[in-house]
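Visitor: As a plain string of letters, each chain reads:
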Amino acid sequence: GESVGLHLPTLSVQEGDNSIINCAYSNSASDYFIWYKQESGKGPQFIIDIRSNMDKRQGQRVTVLLNKTVKHLSLQIAATQPGDSAVYFCAGPQAAGNKLTFGGGTRVLVKP
Amino acid sequence: NAGVTQTPKFQVLKTGQSMTLQCAQDMNHNSMYWYRQDPGMGLRLIYYSASEGTTDKGEVPNGYNVSRLNKREFSLRLESAAPSQTSVYFCASSGGKTSGRLNIQYFGAGTRLSVL
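Chains A and B, in that order, are what the protein sequence lines are.
Quick note: the first sequence, position 70, residue 70 per our numbering, numbers continuous.
Residues are numbered in our numbering as their position in the second sequence, beginning at 1, plus a constant of 112.
It is possible that part of the hints are untrue.
Stated by the list, open to error - Dumping the calculated DSS-like pairs for lysine-lysine here, alpha-carbon to alpha-carbon at most 27 angstroms:
#, chain 1, residue 1, chain 2, residue 2
1, A, K68, A, K56
2, A, K71, A, K56
3, B, K121, B, K169
4, A, K42, B, K126
5, B, K183, A, K42
6, B, K121, B, K183
7, B, K169, A, K42
8, A, K71, B, K121
9, B, K169, B, K183
10, A, K111, A, K68
11, B, K126, B, K183
Said to hold, decoys possible - If you anchor each label on the Cβ, the simulated ranges turn out as follows:
#, chain 1, residue 1, chain 2, residue 2, range
12, B, G152, A, G59, 45 to 53 angstroms
13, A, R61, B, E164, 48 to 56 angstroms
14, A, A96, B, P151, 24 to 32 angstroms
15, A, G16, B, N182, 20 to 28 angstroms
16, B, A194, A, G16, 42 to 50 angstroms
17, A, G41, B, K126, 20 to 28 angstroms
18, A, S26, B, P173, 17 to 25 angstroms
19, B, N182, A, H72, 38 to 46 angstroms
20, A, S52, B, S163, 19 to 27 angstroms
21, B, S192, A, E15, 46 to 54 angstroms
For the record, the hints were derived by calculation from the structure and aren't laboratory data.
Every residue, glycine too, gets a C-beta built ideally from N, C-alpha and C.
Based on the sequences and whatever the hints tell you, model everything.
Guide: What follows is the structure, given as structure tokens:
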């Protein structure tokens with residue numbers, strides 16, 4: 001079946017440094033991917049998406065890179081701030097129905 | 113701009129009690145979903161409703177029922193709660209994947225349920 005998974009459960013980063021969160025997927029037919037941020041005690045919040053016909057997409061302080069050759073995507077957060085402390089999920093579409101498969105999540109801890 | 117609203121935010125039940133978790137969205141979305149989130153397990157789909165009038169099982173439907181009351185509302189019912197159903201429950205909605213549009217799901221704040 002389809003799977004979407006993150007490489008590291010926890011990432012500790014110094015405030016002001018860049019963060020890179022990685023995700024691998026199995027379904028080469030996936031035509032888009034989504035990144036979510038979940039702060040403690042809250043629901044997942046949409047951050048950014050990327051279509052499979054793109055290699056890179058930039059948002060506000062975030063960049064998504066997609067490497068279809070190795071079925072890997074990453075979320076880069078520039079100048080990480082305390083407010084970036086959260087769990088980050090990648091998600092991809094399932095083959096049938098309007099459903100998503102979610103990765104297990106990477107917790108980003110920002111050190112002052 | 114409410115988005116997806118879930119009630120209640122917290123609930124404690126005794127084993128065998130029943131309850132209904134409510135979810136409403138104001139984004140005119142066709143699809144709605146119920147997930148549970150447990151430590152180390154990520155988000156697991158319980159039930160979903162692709163459109164008004166339809167519901168389908170997800171990965172972990174046992175012990176739950178759902179009702180798509182109308183386009184806005186999608187409720188999750190626990191008929192006889194068990195300690196294994198202690199979890200955080202999230203409702204989500206999406207416009208569905210149509211031509212030129214991605215199926216981005218938007219989530220509520222969650223219901224934290226403890227079953228004793």
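Visitor: Could you work out which earlier hints the structure fails to respect and list their numbers in ascending sequence?
Guide: 8, 10, 11, 12, 13, 15
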